[in-house]
Amino acid sequence: MQFDFLNGMFVLMLSTFVGLMVIQRVSRLLHTPLMSLTNAISAIAVVGAILLAGEQETRLSTILGAVAVFASTTNIVSGFLITDRMLKMFKRREPK
Amino acid sequence: MIDQLVQLIYLISTALFILSLQWMSDPKTARRGVFAGVGGMALAVVGTLLHPQIVNFNWIVVALVLGAIAGIPLSKVALTAVPQRTALSHAFGGLAAGLVGTAKYYLWVQQGQLTRFRMGAIAIEVILGFMTLTGSLIAAGKLQEVLPTRPITYRNQNLINFTLLGVALVVAALLVVDPGRALLFPVLLVLALTFGVLLVLPIGGADMPTVISLLNSYAGLSAVAMGFVMENKLLITAGALDGASGLILSIVMCKAMNRSFGNVLFGAFGQVQAATGAVEQRTAKAATAEDAAQLLENASRVVIIPGYGMAVSQAQHRVHDLYEELAKRGVDVRFAIHPVAGRMPGHMNVLLAEAEIPYDRLVEMDDINPEMGQADVALVIGANDVVNPAARHDKNSPIFGMPIIDADKAKICLAIKRSMNPGFAGIENELYFADNTLMLFGDAKGMVGDIVKHLHGGSGH
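Taken in sequence, the protein lines are chains B and V. Residue 467 is where the first sequence starts when you use the numbering used here, and the numbers rise one by one after that. Residue 158 is where the second sequence starts when you use the numbering used here, and the numbers rise one by one after that.
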């Protein structure tokens, strides 16, 4: 699939606006879980790292790619788990 | 064919990420948001593994497994340590971006495919990635208190920092003009790493909410830059969502302190202006836990204002007991949450939620302030600058203009504090000397525990 600079800028601009609008509506109660969730999402860097580690072009690129896969996976796993752990704690008053 | 399938998977993954954040708008749907995020990420990984360029999976699988093993304990830290964990994960994010950029640079140099456009994207990626790495490590060190939390300053600090950034940008520009100058690339890496350290060193503990949010944004932007390097739209989208989130949180934090980005980053708050105020001997009135218990018991509306001190002394579970005791007596108890209370955005909410305080009792500053006049008792637990009335009227105060919670407007204000020492900014708090304020001297956990004991004992007769 074609990729060029302007194409990328289009995607960047649109997703930034979507991001700003969606995030503005996030409840302030949840700003800490929000940060750990976006942390996990930005570990999407794993995609680039996997390609690098899997292509095995040079030894250097493979090693650096593998370390990057490790770092991103750590963020994905810990980010999603801790977000869910925190969100489970937010409870309303039991109605009685 | 496969390529189109991969792009389709990425498209669904992008939609799931947006939905994930959308569902965070309400605590009721928020957990669904996590599932959507997990789904999006799983699709992204599977889609990427389908790429025909991948010739060997061994390294990938080993790294994925090790990463998951390292991730699980990091998700189980105590909630008071969540700010450090968050800083550490920003560091990992920056590291991943920086490493991929570095690898791509040497790969493309070797293959003679390093265009100027690619070089520009790599330069942005490694600068953002590596400065996020070291900056976040310093922030994590300060939060964990292995490094001093006070601002570390030296002469001409800002000049040195700006010069360093300037040199890094010049080196990046030289590389873009002639990507073949391979000797300059390591220089760029070192400059970025050093700049990250120097950027965060002068920032004090109480400014951490803003710094963490900014680093969050940088980590996202480094993923965006990686998207341009790898020519991958999914990376750009997800990175931009993260960058936008960090930006909004930074703005919320700055507004809550009435300060600009520049002031937080280059102001070294809490260092210079100490001990300039007029030394005026004033006395504060002290009270005991028993007095406090009586006042609270006879109140009909109580507002509790927690701050970082509550987290430090791990008092949140005692606070829950207090909440229960008062709620049993029909007292209306609410919690007033200042946006910068704690060490990261939303820190107090998470701690109180952990202590099983229902979230509909947690009220934002702007919503509670108009009602503070009707409160019978305001109980300040480990908060200081965010309740200092000087912010409203004293033009000479360093925190003048900062929005505060109007604890002084309650009929009676009780403030738990270890001693009369001023807070992080070295500013005296007039609240403690007000006519309607009673000081409860002691550790937050012990003092709240004592109040609960008196309430509990008193309920028997």
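Treat the hints as calculated values from the structure; they're not laboratory data. Be careful, since some hints might not be right.
Residues from chain V shown here face chain B by an in silico Cβ test under 10 Å; the list is partial [to be verified]:
1. L264
2. N420
3. L422
Simulated DEER-style distance windows between Cβ atoms [claimed, not checked]:
4. V:L168 <-> B:F483: 33 to 41 Å
5. V:D335 <-> B:D470: 31 to 39 Å
6. B:R558 <-> V:K485: 25 to 33 Å
7. B:F476 <-> V:L340: 29 to 37 Å
8. V:L341 <-> B:R558: 51 to 59 Å
9. V:A484 <-> B:F483: 20 to 28 Å
The structure presented is a predicted model; accordingly, all values stated were derived computationally and were not measured. Where a beta carbon is used, it is the ideal one built from N, C-alpha and C, also for glycine.
How the hints compare with the structure:
For L264 of chain V, the shortest C-beta to C-beta distance to chain B is roughly 5 Å, which falls under 10 Å, so the interface hint holds. Interface hint at N420 of chain V: violated, since its Cβ lies 21 Å from the closest Cβ of chain B, which is beyond the 10 Å cut-off. About 19 Å separates the beta-carbon of L422 of chain V from the nearest beta-carbon of chain B, more than 10 Å, and the hint is not met. Separated by about 18 Å at the C-beta atoms, L168 of chain V and F483 of chain B break the suggested range of 33 to 41 Å.
Under the hint 31 to 39 Å, the C-beta atoms of D335 of chain V and D470 of chain B, about 23 Å apart, miss the expected range. A C-beta distance of roughly 18 Å is found between R558 of chain B and K485 of chain V, which places it outside the suggested range of 25 to 33 Å. Checked against the given bound of 29 to 37 Å, the beta carbons of F476 of chain B and L340 of chain V, roughly 36 Å apart, stay inside it. Hint check: L341 of chain V to R558 of chain B, Cβ distance near 58 Å, so the stated range 51 to 59 Å holds.
A484 of chain V and F483 of chain B have their C-beta atoms about 44 Å apart, which leaves the hinted 20 to 28 Å range violated.
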